Amino acid sequence: MNHLETEIKSLKRNVVEMWHLVNSQLDKSQRVLTDFDKNLCQNIKVNEKMVDTFELMIDKDCENILALYSPVAIDLRFVLSVLKVNYNLERIGDYASGISKLVNELENPITQELFTSTKIVEMFNLCKELLKESLISFEHENNWETRNILCRDKAINKINRDATKIVSDYIINNPGDVMIAMNVLSIIRKLERVGDHIQNIAEELIFFMEAKVLKHQKKKKDISE
Amino acid sequence: MKNIITTDKVNLFYGESQALKDITLDFLPNTVTALIGPSGCGKSTYLRLFNRMNDLIDNVKITGNITVEGENIYQKDTNIVELRRKVGMVFQKPNPFPKSIFENVAYGLRVNGVNEMSVLKEKVEFSLKQAALWDEVKDKLKKSAFELSGGQQQRLCIARALAIEPSIVLMDEPASALDPISTAKIEELIYELKSKYTIVIVTHNLQQAGRVSDYTAFFYLGELIEKGITKELFINPKNIKTQNYITGRFG
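Chains A and B, in that order, are what the protein sequence lines are.
In terms of my numbering, the first sequence opens at residue 1 and continues consecutively.
In terms of my numbering, the second sequence opens at residue 1001 and continues consecutively.
It is worth saying that the hints were derived from the structure and are not from the lab.
It cannot be assumed that every hint is accurate.
[Said to hold, decoys possible] Residues from chain A that keep clear of chain B, each with C-beta distances beyond 10 Å, as calculated:
(1) Asn2
(2) Ile74
(3) Gln112
[Said to hold, decoys possible] A few chain A residues facing chain B, derived, Cβ under 10 Å:
(4) Leu4
(5) Glu5
(6) Tyr69
(7) Leu76
(8) Arg77
(9) Glu210
(10) Lys212
(11) Leu214
[Unchecked claim] The list that follows gives simulated cross-link-like pairs (lysine-lysine, DSS-like), each with its CA atoms no further than 27 Å apart:
(12) Lys12(A) - Lys1238(B)
(13) Lys1231(B) - Lys215(A)
(14) Lys1241(B) - Lys9(A)
(15) Lys9(A) - Lys1021(B)
(16) Lys9(A) - Lys1238(B)
(17) Lys212(A) - Lys1138(B)
(18) Lys12(A) - Lys1093(B)
Everything numeric in this text was worked out from a predicted model, so none of it was measured.
Heads up, the beta-carbon is just placed ideally off N, CA and C, and yes, glycines get one too.
This is chain B alone, in the form it adopts within the complex:
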């Protein structure tokens, strides 16, 4: 199977400070990969490479080669809007827009030129169903998104990301601000979404990484220490640093 994302010898500098060191790592389509590591290890920075979110930060310098669906995404003529349509993102805290539930999901579609109401309705319903939220909101689509609970808001953000039909979904600690029941729903959702999307998730919750991901990559001080099949990495990590981190002996 061909890799959907590849990163080859990627280095990233915030000014003089090097945040990523020679990262070479590939991602297979329709898999979930968890990025783990202590705070400041570079995992979120690495995640933000795939939709060029780091471009928004001043004084960032990136070297190496990064491809999404076979295309180098750091070329001068890369269409960033198109890239972000292909690579959706869900953040740590739910961030719905101050709009209705319907309009939140329809937002990306409208930006991409879809304005026909029947198409919007169909896509909004489909996205909300994919995000396992439809049954809970189908009778109040015109209500403000802020009326939803935190867990529902996060699933709404996932629906919003899915509406524009990306092939990759990036998740930066998507359940860290949620209670255990909402967390379980998000995890269940990740598992189901895998058949259609490639998911890369940053998480501090090691049990969550174990539950939802096919592969796990451990970052430490800007370096990729180990990547492996999640089940193997959590039972028999090859690197002592990985073992020390996942068993809580440092980090």
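Isolated chain A, as found in the complex:
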């Protein structure tokens, strides 16, 4: 293994570690939401700083590889895609932290009716599932697995689209729960963004593995074929 390969391997290890941390942040923020476990909020806040530290470290690693090794071909694509995956992971980490803050502001837990009608838990599970699948495809460098992730955010987007009407109806029927309902809507918006960032990550992985640029392509259904 040459020096560049060693550096790339080490970079990959750091990205995987960050990915696990962001997974865990998303997992914990879901527990804060569903179990109304505010004790976890502080832990998420501390870990958010770790995510930020990872982001800076990975950026620096990429800069060093580009400056010192002038990578080309698959190595160059790997470093370029890692730069963007890194950014997207950090944003997902931010959203996880933001979700825990929104729950922390609430005095009372979210009602079962809101959970059921908005499908927020289903949305959370989908985001976590896609983030884990994208990690596996990154670790295995499997483009087929990555292509399976593309366009899977449709269900997430639908839940987001339906949420405005559901939440406004809920507020009309439960005027005392306005704060809870508004925060649930904000959380749904954040989860929709998480889904977008996971799609961005999958697109970057395809660029790395296949040298194909998928972003800003209109007919996404064709991409996954």
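Let chain A serve as the given structure and place chain B on it in line with the hints.
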């Protein structure tokens, strides 16, 4: 656009040993093509086909078809002096003649029958300007070429090659013996010369190939493995051997 150099199924043997295997590759005018590959892959041998420099080596056998500006250059009646006027060459190490700076550049012109001083002066100045050396040597044209630095000597050799107005310039690792600043000047020069000349450059420096060339051809064990637009070849090589070589995994 019509190709300025074509090679069709070219094989070259040094005695029993085959150095080039069935190479088919064409070159467009006013482009820079980099030939890359590990030592001994045949890229310099291939480059030397275009001005018949391999003829100087004993026991060489060449098959296939090679044309320059539409003419088969391996015919019995090919005028090699005329060919080498059309196809200039710059070598790895600067090799100025033991003459003045002026006479180095004027040498090829004199050989080709130009002796009128006003014409020589004009052409020497023009060539030195093209080689981005004029400002540095205009006040010492009568000094020995050996007084110049290595980078300046190499640009002098480029000026010498350009003076006889070739259409093609072959460069065999032209910057490998130079420091980074001289290398950058040569690379800048290659970029500027492209508008007037077709340049084929052999280089071991992959970053240099990436910086200066429009097309890159990868040779391995005497075979042409892949040729493509440089930007595409360095981001997404089609052949795994190319990828392994340019990423340093073999070679």
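Against the structure, the hints come out as follows:
1. Asn2: violated, 5 Å
2. Ile74: Ile74(A) is in fact no farther than 10 Å from some Cβ atom of chain B, at 6 Å.
3. Gln112: Consistent with the label, Gln112(A) stays out of reach of chain B, its closest Cβ about 52 Å off (over 10 Å).
4. Leu4: Holds, about 6 Å.
5. Glu5: holds, 7 Å
6. Tyr69: holds, 9 Å
7. Leu76: holds, 6 Å
8. Arg77: holds, 7 Å
9. Glu210: holds, 9 Å
10. Lys212: Holds, about 9 Å.
11. Leu214: violated, 14 Å
12. Lys12(A) - Lys1238(B): With a Cα-Cα distance of about 24 Å, the restraint between Lys12(A) and Lys1238(B) holds, given a limit of 27 Å.
13. Lys1231(B) - Lys215(A): holds, 20 Å
14. Lys1241(B) - Lys9(A): With Cα atoms ~21 Å apart, Lys1241(B) and Lys9(A) stay inside 27 Å; holds.
15. Lys9(A) - Lys1021(B): Violated - the C-alpha atoms of Lys1021(B) and Lys9(A) are around 37 Å apart, more than 27 Å.
16. Lys9(A) - Lys1238(B): Distance ~23 Å between Lys9(A) and Lys1238(B) Cα, so the pair holds.
17. Lys212(A) - Lys1138(B): Roughly 52 Å separates the two Cα atoms, so the pair is violated.
18. Lys12(A) - Lys1093(B): violated, 42 Å
Figure legend: structure checked against the earlier numbered hints; hints not met, in rising order: 1, 2, 11, 15, 17 and 18.
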